Amino acid sequence: MSATTTSAATAAPDFEAVIGLEVHCQLRTASKMFSAAPTHFGAAPNSQTDPVVLGLPGALPVVNRQAIEFALRIGVATRSKIRARSRFARKHYFYPDLPKGYQISQYDEPLCEHGLVQFVLDGQPREARLTRIHLEEDAGKNTHLPGRATSLVDLNRAGVPLIEIVGEPDLRSAAEAGAYLRALRQLVRWLEISDGNMEEGSLRADANVSIRPRGQSALGTKTELKNINSFKFVEKAIEHEIARQIDVVTSGGRVVQETRSWDAERGTSFSMRSKEQAHDYRYFPDPDLPPVVVSPDWIARVTSALPELPAQRRTRFVEALGLPAHDAEVLTGERALADWYEAAVAAPSKADPRKLSSWVQSELLRVVKDTPLAECPIKPDMLAELVALIDAGTISGKIAKDLFARMLQSGERPKVIVDREGLTQVSDTSAIEAAARAIIEAKPKEAAAYKAGKQQMLGFFVGQTIKAMGGKANPQLVNDILKKLLES
Amino acid sequence: MAITRDEVKEIAELARLSLSDEEVTRFTGQLGSILEHIDALSALDTTGIEPTTHAVPMDCPLREDVAGAALPAERALAAAPVRSGDFFEVPKFVSGS
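Chains A and B, in that order, give the protein sequences. Note that the first sequence covers residues 191 to 678 in the working numbering. Note that the second sequence covers residues 240 to 336 in the working numbering.
Wrong hints could be hidden among the right ones.
[Stated by the list, open to error] In silico DSS-like links for lysine-lysine, alpha-carbon gap of 27 Å or less:
hint, chain 1, residue 1, chain 2, residue 2
1, A, Lys591, A, Lys644
2, B, Lys248, A, Lys673
3, A, Lys331, B, Lys331
4, A, Lys588, A, Lys633
5, A, Lys416, A, Lys331
6, A, Lys644, A, Lys605
7, A, Lys416, B, Lys331
8, A, Lys281, B, Lys248
9, A, Lys281, B, Lys331
10, B, Lys331, A, Lys674
[As the list claims (entries may be wrong)] Pairwise CB distance ranges, derived in the manner of DEER restraints:
hint, chain 1, residue 1, chain 2, residue 2, range
11, B, Arg244, A, Ala234, 30 to 40 Å
12, A, Asp470, B, Ile288, 24 to 34 Å
13, A, Val446, B, Ile277, 36 to 46 Å
[As the list claims (entries may be wrong)] So these bits of chain B aren't anywhere near chain A, every CB distance computed over 12 Å:
hint, residue
14, Ala241
15, Ala282
16, Asp284
17, Thr291
18, Thr292
19, Asp298
20, Pro330
Hints listed in this document are in silico derivations from the structure and should not be mistaken for laboratory results. What you are looking at is a predicted structure, and each value in this text was computed from that prediction instead of being measured. Every residue, glycine too, gets a C-beta built ideally from N, C-alpha and C.
Extracted from the complex, chain A is given alone in its bound form (with noise of 0.2 Å):
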């Protein structure tokens, strides 16, 4: 980093960030916004679009149901207000990749309204207010080539349904706007209306940043950051932002209102002049679409089918299931984890739910990383019989574990295994104590060892029996067993 940074970190104490995110978030519908042109991620060229994407003389727009759906989902889910009558706007500028010269939007009547995200930082729960959510469609997409006078652009984004979620500035550093965003992402994938990838760019997420001494309730001049197209470098992104306004403002400068670009690769932002004096959307309200009513009955049907939100399942696995706040927060990471792991708890076996948190945490979210969870062999209840097992003194935790591979191998049940491979764990005392006593005799000078004082001889005797029965002595047993022959 350069000196610019660590000078401003040394003055950051006396300053606060102020942030807000726009996120604009693809819906994962399969027709477009306003038409039935098909909606295919990483279709060839040119191949996802229709008259009305074009632009084309004659076409008319017509909103797609689910789309609407899509955002009344969040919408309540955020607690918003929603609009019974909401309206599309034109909102008016030029550029390559937008076919009709204007953008269909959301202006001054949105559909959703002062809504309030819930997230967790560093353990402990925020919130966040929202603005507003709107909808609109996307642009095209352009490809500018190094070296060459020309860009090249494909349409087949043109035209995708897209929500746009704008945050209050509520947000007062980079690691808080970080937590905030993934909450939304979680939340977007939770409620099964987008993908949330931001490397896809199905969310994308713009940051006005600005920056007050500590202790000042008015608002400084804000930047706005766009281009931040990866998770990775959000926080990132805005924390260099925070430092350069601090930066301007200690060296007597001051911040000037602009837009600004990441720059992933540089890790530095760079100011995007706009050739227009002010943006000047000539925003109206577009003729070719009536207002959008919602009835209240759709809205109670939305909110009826909405799932429980990973906010309340979070609280309800640290209350109800005695689940560390940490554990609850990454089981509900997503929400088919969430249901995964709440079906092993609902199995018959009755597994101890802290014991199953920490099989799936550890054991299971490995083998699952590049596959779907519903594609594992190892299905809820087979975990919670496993568990069980292991609760019950039938297997050991170390066969378990091996039992665990096996299951992922074969699909089949521990207790098939368990059965036909007489993998039950040894708890017969006569047989330990056979096994020990040879073991003892085998190593004398070890036994001597122990008998004179070396206490941590223990370990190698308990390793040496169980490995002597074949993994399958219970642990606790052999120890007890072998502390009382070694002390006789």
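Starting from the known structure of chain A, fit chain B onto it as the hints suggest.
Chain B only, in chain A's frame:
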């Protein structure tokens, strides 16, 4: 005057229209008289009347989310002045430094 020459120039720039001085003068006059006409409407008392944005009082019709056939790329690109493979090719327009 209802509209200034500078405002006309600004609107023309936003609309990507290049106007000669003579045209700016002519359109300033024409737009001015249109705005004067609108001013006449403003004289009416419209308290309690909802602004009309659509001539037909109807709710927005909604479409089920069913994907139809896309236009083949060949046809989508048929009117492109310049193309590169299956892309539209346009003068470079990247903003920023």
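Hints and how they fare:
{"no.": "1", "hint": "A:Lys591 to A:Lys644", "in the structure": "violated (31 Å)"}
{"no.": "2", "hint": "B:Lys248 to A:Lys673", "in the structure": "violated (97 Å)"}
{"no.": "3", "hint": "A:Lys331 to B:Lys331", "in the structure": "holds (13 Å)"}
{"no.": "4", "hint": "A:Lys588 to A:Lys633", "in the structure": "holds (24 Å)"}
{"no.": "5", "hint": "A:Lys416 to A:Lys331", "in the structure": "holds (16 Å)"}
{"no.": "6", "hint": "A:Lys644 to A:Lys605", "in the structure": "violated (40 Å)"}
{"no.": "7", "hint": "A:Lys416 to B:Lys331", "in the structure": "holds (20 Å)"}
{"no.": "8", "hint": "A:Lys281 to B:Lys248", "in the structure": "holds (20 Å)"}
{"no.": "9", "hint": "A:Lys281 to B:Lys331", "in the structure": "holds (23 Å)"}
{"no.": "10", "hint": "B:Lys331 to A:Lys674", "in the structure": "violated (85 Å)"}
{"no.": "11", "hint": "B:Arg244 to A:Ala234: 30 to 40 Å", "in the structure": "violated (49 Å)"}
{"no.": "12", "hint": "A:Asp470 to B:Ile288: 24 to 34 Å", "in the structure": "holds (28 Å)"}
{"no.": "13", "hint": "A:Val446 to B:Ile277: 36 to 46 Å", "in the structure": "holds (37 Å)"}
{"no.": "14", "hint": "Ala241", "in the structure": "holds (17 Å)"}
{"no.": "15", "hint": "Ala282", "in the structure": "holds (22 Å)"}
{"no.": "16", "hint": "Asp284", "in the structure": "holds (23 Å)"}
{"no.": "17", "hint": "Thr291", "in the structure": "violated (10 Å)"}
{"no.": "18", "hint": "Thr292", "in the structure": "violated (4 Å)"}
{"no.": "19", "hint": "Asp298", "in the structure": "violated (4 Å)"}
{"no.": "20", "hint": "Pro330", "in the structure": "violated (6 Å)"}
Against the hints set out earlier in the document, violations occur for numbers 1, 2, 6, 10, 11, 17, 18, 19 and 20.
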